[in-house]
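**Q** Chain F is fixed; fit chain U onto it per the hints.
Okay, here's what each chain looks like letter by letter:
Protein chains: 2
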Amino acid sequence: MDAIENLLTRRSVRKYKPDMVPEDILSKILEAGTFAATGMGRQSPVIIAVTDRKTRDMLSEMNAAVMGSGGDPFYGAPVVLVVLADKSVGTYKYDGSLVMGNLMNAAHALGVSSCWIHRAKEEFETEKGRELLKSLGITGDYEGIGHCILGYADCEMPAPKERKKNYIYYVK
Amino acid sequence: MDAIENLLTRRSVRKYKPDMVPEDILSKILEAGTFAATGMGRQSPVIIAVTDRKTRDMLSEMNAAVMGSGGDPFYGAPVVLVVLADKSVGTYKYDGSLVMGNLMNAAHALGVSSCWIHRAKEEFETEKGRELLKSLGITGDYEGIGHCILGYADCEMPAPKERKKNYIYYVK
Chain F
23 MDAIENLLTR RSVRKYKPDM VPEDILSKIL EAGTFAATGM GRQSPVIIAV
73 TDRKTRDMLS EMNAAVMGSG GDPFYGAPVV LVVLADKSVG TYKYDGSLVM
123 GNLMNAAHAL GVSSCWIHRA KEEFETEKGR ELLKSLGITG DYEGIGHCIL
173 GYADCEMPAP KERKKNYIYY VK
Chain U
23 MDAIENLLTR RSVRKYKPDM VPEDILSKIL EAGTFAATGM GRQSPVIIAV
73 TDRKTRDMLS EMNAAVMGSG GDPFYGAPVV LVVLADKSVG TYKYDGSLVM
123 GNLMNAAHAL GVSSCWIHRA KEEFETEKGR ELLKSLGITG DYEGIGHCIL
173 GYADCEMPAP KERKKNYIYY VK
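Protein chains in written order, with our numbering: chain F, 23 to 194; chain U, 23 to 194.
None of these hints come from the bench; they were simulated from the model.
Watch out, some of these pointers could steer you wrong.
Since the list gives no way to pick out one identical chain from another, each pair is judged satisfied if it fits inside one copy or across any two copies.
Quick list of in silico lysine-lysine cross-link-like pairs, DSSO-like style, CA-CA up to 27 angstroms [stated by the list, open to error]:
id: 1; residue 1: K186; residue 2: K115
id: 2; residue 1: K194; residue 2: K39
id: 3; residue 1: K186; residue 2: K50
id: 4; residue 1: K143; residue 2: K50
id: 5; residue 1: K183; residue 2: K150
id: 6; residue 1: K150; residue 2: K187
id: 7; residue 1: K76; residue 2: K183
id: 8; residue 1: K50; residue 2: K194
id: 9; residue 1: K143; residue 2: K109
id: 10; residue 1: K194; residue 2: K143
id: 11; residue 1: K143; residue 2: K115
id: 12; residue 1: K39; residue 2: K76
id: 13; residue 1: K39; residue 2: K156
id: 14; residue 1: K187; residue 2: K50
id: 15; residue 1: K143; residue 2: K37
id: 16; residue 1: K186; residue 2: K156
id: 17; residue 1: K109; residue 2: K150
id: 18; residue 1: K143; residue 2: K76
id: 19; residue 1: K150; residue 2: K194
Bound-form chain F, shown alone (with noise of 0.2 angstroms):
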């Protein structure tokens, strides 16, 4: 697709088939994800890839617990992708959005529909959380950035809102 079209028609989606992302579709999610711009290049974040059923559901459990809500707050998608970064580095919070923006943007460049989904600070402040890491030989102190939701969209696509007035301000 289109850079731009593609930037400009990419919504966040609600509600999602159990339909598995292809490997090969999500090995170029993530790959864009890795090329997005940090603060002098120091690569602060890391990508959790989750598509094993059981580890996602207890994502899901852990993030509706943060908000006390039950449900499945990333609306039966079949792929998390959850963002961290390293604390240690002062630009991470903005690094970790830059590449759950492009993971995002490539998704839908695939065909693929997303959704941020937030709380994953909290999420990985829990013992559970910590836990989870530790098994995955990511030492070091990450914060949870946010949760890139991955699936085939079961329903339509979202007409976007409207677009604030006095988004942009022209000092010319």
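**A** Chain U alone, transformed into the frame defined by chain F:
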């Protein structure tokens, strides 16, 4: 340009020609910025598009002052897009970062080079920064997220740094 190729080939450019970015190109870049995802679609960011030389130079000086150094932190780029976001919205820092990402990716798609320049936060906490916001009619508690400098590269495209090992962890 193809959307995936665009995400993979964008680079941060640190040397610019003085040539101005045409208004129609700039306007497309800005539009793509406003279509970045934001938490609950609340559109917490604003973008100040600076093409006025005097204001651009003032921001450059303010930025250098935060660093405590001389020189032009904007590397000669003629356009500075300042992204700020409304601190009263919980996701403001992530929202603003996604706008920055879309601006940089859209610029690259249109043959315009870019770089994220930090210290917008400190810059807009100064009296001078607050005054600039006020003069534009930007009220409310906005925090500087970043400067997206734009222009035409006066150098070869930098080669990408090697992606770090262990950027991606799979849970299959």
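**Q** Could you run down the list of hints and mark each one as holding or not?
**A** Now for the hints, and whether the structure bears them out:
1. K186 - K115: Both: 25 angstroms inside a copy, 18 angstroms across copies.
2. K194 - K39: This pair counts as between: shortest inter-copy Cα distance 19 angstroms, intra-copy 48 angstroms.
3. K186 - K50: Close across copies (17 angstroms), not inside one copy (33 angstroms); limit 27 angstroms.
4. K143 - K50: within (26 angstroms within a copy, 34 angstroms between copies)
5. K183 - K150: neither (37 angstroms within a copy, 34 angstroms between copies)
6. K150 - K187: The answer is between: 25 angstroms across copies meets 27 angstroms, while 43 angstroms in one copy does not.
7. K76 - K183: neither (35 angstroms within a copy, 35 angstroms between copies)
8. K50 - K194: The answer is between: 16 angstroms across copies meets 27 angstroms, while 40 angstroms in one copy does not.
9. K143 - K109: Close inside one copy (11 angstroms) and across copies (18 angstroms); limit 27 angstroms.
10. K194 - K143: between (40 angstroms within a copy, 22 angstroms between copies)
11. K143 - K115: both (11 angstroms within a copy, 13 angstroms between copies)
12. K39 - K76: Within one copy only: 17 angstroms inside a chain, 53 angstroms across chains, cut-off 27 angstroms.
13. K39 - K156: neither (31 angstroms within a copy, 48 angstroms between copies)
14. K187 - K50: Classified as between: cross-chain Cα gap 17 angstroms, same-chain 36 angstroms, threshold 27 angstroms.
15. K143 - K37: The answer is within: 23 angstroms in one copy meets 27 angstroms, while 36 angstroms across copies does not.
16. K186 - K156: Between copies, since 19 angstroms is at most 27 angstroms while 43 angstroms is not.
17. K109 - K150: within (19 angstroms within a copy, 30 angstroms between copies)
18. K143 - K76: within (21 angstroms within a copy, 41 angstroms between copies)
19. K150 - K194: between (52 angstroms within a copy, 18 angstroms between copies)
Violated hints, listed in ascending order, are 5, 7, 13; each of the other numbered hints is respected by the structure.
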